[in-house]
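Starting from the known structure of chain R, fit chain V onto it as the hints suggest.
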Amino acid sequence: QVQLQQSGAELVKPGSSVKISCKASGYTFTSYDMHWIKQQPGNGLEWIGWIYPGNGNTKYNQKFNGKATLTADKSSSTAYMQLSSLTSEDSAVYFCARYTWYFDFWGPGTMVTVSS
Amino acid sequence: DIQMTQSPSFLSASVGDRVTINCKASQNINKYLDWYQQKHGEAPKLLIYNTNNLQTGIPSRFSGSGSGTDYTLTISSLQPEDVATYFCLQHSSRPLTFGSGTKLEIK
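Chains as they are written, first to last, in our numbering: chain R, -3 to 112; chain V, 123 to 229.
Just chain R, same shape as in the assembly (with noise of 0.2 Å):
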């Protein structure tokens, strides 16, 4: 069954980076796109970008150009977001979903939180 397993969450310093993961199993990770989604406590949700794992492909929203870096890693069918230059308003929980046209699995969220 596809699963997306998301790394634990972060308790990071302003103006630091931090890089969360979504290990993907259950079907074949280089053959569909991961998405990442932004929700803040008690917001909405906001789109971040994708990236299709199979040749490494990215697309950002633009408000995320310089925030966000999206790899992945096809051996070990992993994506990744990294964060970087962090303020209080990078707090959040962080979603990959996986997109076939709309979003039929996603990953538990991350929370990461910018503290000093």
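For the record, the hints were derived by calculation from the structure and aren't laboratory data. Take these hints with a grain of salt, some might be off.
For lysine-lysine, the following DSS-like pairs were computed, each having C-alpha atoms within a straight-line distance of at most 27 Å [unchecked claim]:
id, chain 1, residue 1, chain 2, residue 2
1, R, Lys59, V, Lys146
2, R, Lys63, R, Lys15
3, V, Lys229, R, Lys59
4, V, Lys167, R, Lys19
5, R, Lys59, R, Lys9
6, V, Lys153, R, Lys59
7, R, Lys19, V, Lys161
8, R, Lys19, R, Lys55
9, R, Lys63, R, Lys19
Nothing here was measured: the structure is a model prediction, and the numbers come from that model.
Using the frame of chain R, we list chain V on its own:
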């Protein structure tokens, strides 16, 4: 960017009620509209894709309709397990954009 205006933001209804949630796009999204359910502390779950296609395993009391800029999610007979926040998502053009959510509670 396409703006998605979702209404209402909060809804309280009784078990067995018919419930409707609306999303209005800032431009024609050609039925590329999905609905997701998010229970507290969980990831969103796909209910309906491309306006009116029920995802596998989702109860038939959920349905979707719409075209152009206006879309609706209907729950025909509200059940206690439907307590959640519901979001619409347009995937007609990048960036993908979500509605602001409707929090549904049981009266």
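So, going through the hints one by one against the coordinates:
1. Restraint check for Lys59 (chain R) and Lys146 (chain V): the C-alpha separation of about 22 Å stays at or below 27 Å, so the hint holds.
2. Between Lys63 (chain R) and Lys15 (chain R) the CA atoms are separated by roughly 12 Å; this keeps the pair inside 27 Å, and the hint holds.
3. Under the criterion of a C-alpha separation no larger than 27 Å, the hint pairing Lys229 (chain V) with Lys59 (chain R) is inconsistent with the structure, at around 39 Å.
4. Simply put, Lys167 (chain V) and Lys19 (chain R) have alpha-carbon atoms about 19 Å apart, close enough for the 27 Å limit, and the pair holds.
5. This hinted pair checks out: Lys59 (chain R) and Lys9 (chain R) have alpha carbons roughly 22 Å apart, not beyond 27 Å.
6. With a C-alpha separation of about 25 Å, the suggested pair Lys153 (chain V) and Lys59 (chain R) falls inside the 27 Å cut-off, and the hint holds.
7. The straight-line distance between the Cα atoms of Lys19 (chain R) and Lys161 (chain V) is roughly 23 Å, inside the 27 Å bound, and the hint therefore holds.
8. For the hint pairing Lys19 (chain R) with Lys55 (chain R), the CA-to-CA distance comes to about 20 Å; that is within 27 Å, so the pair holds.
9. The straight-line distance between the Cα atoms of Lys63 (chain R) and Lys19 (chain R) is roughly 22 Å, inside the 27 Å bound, and the hint therefore holds.
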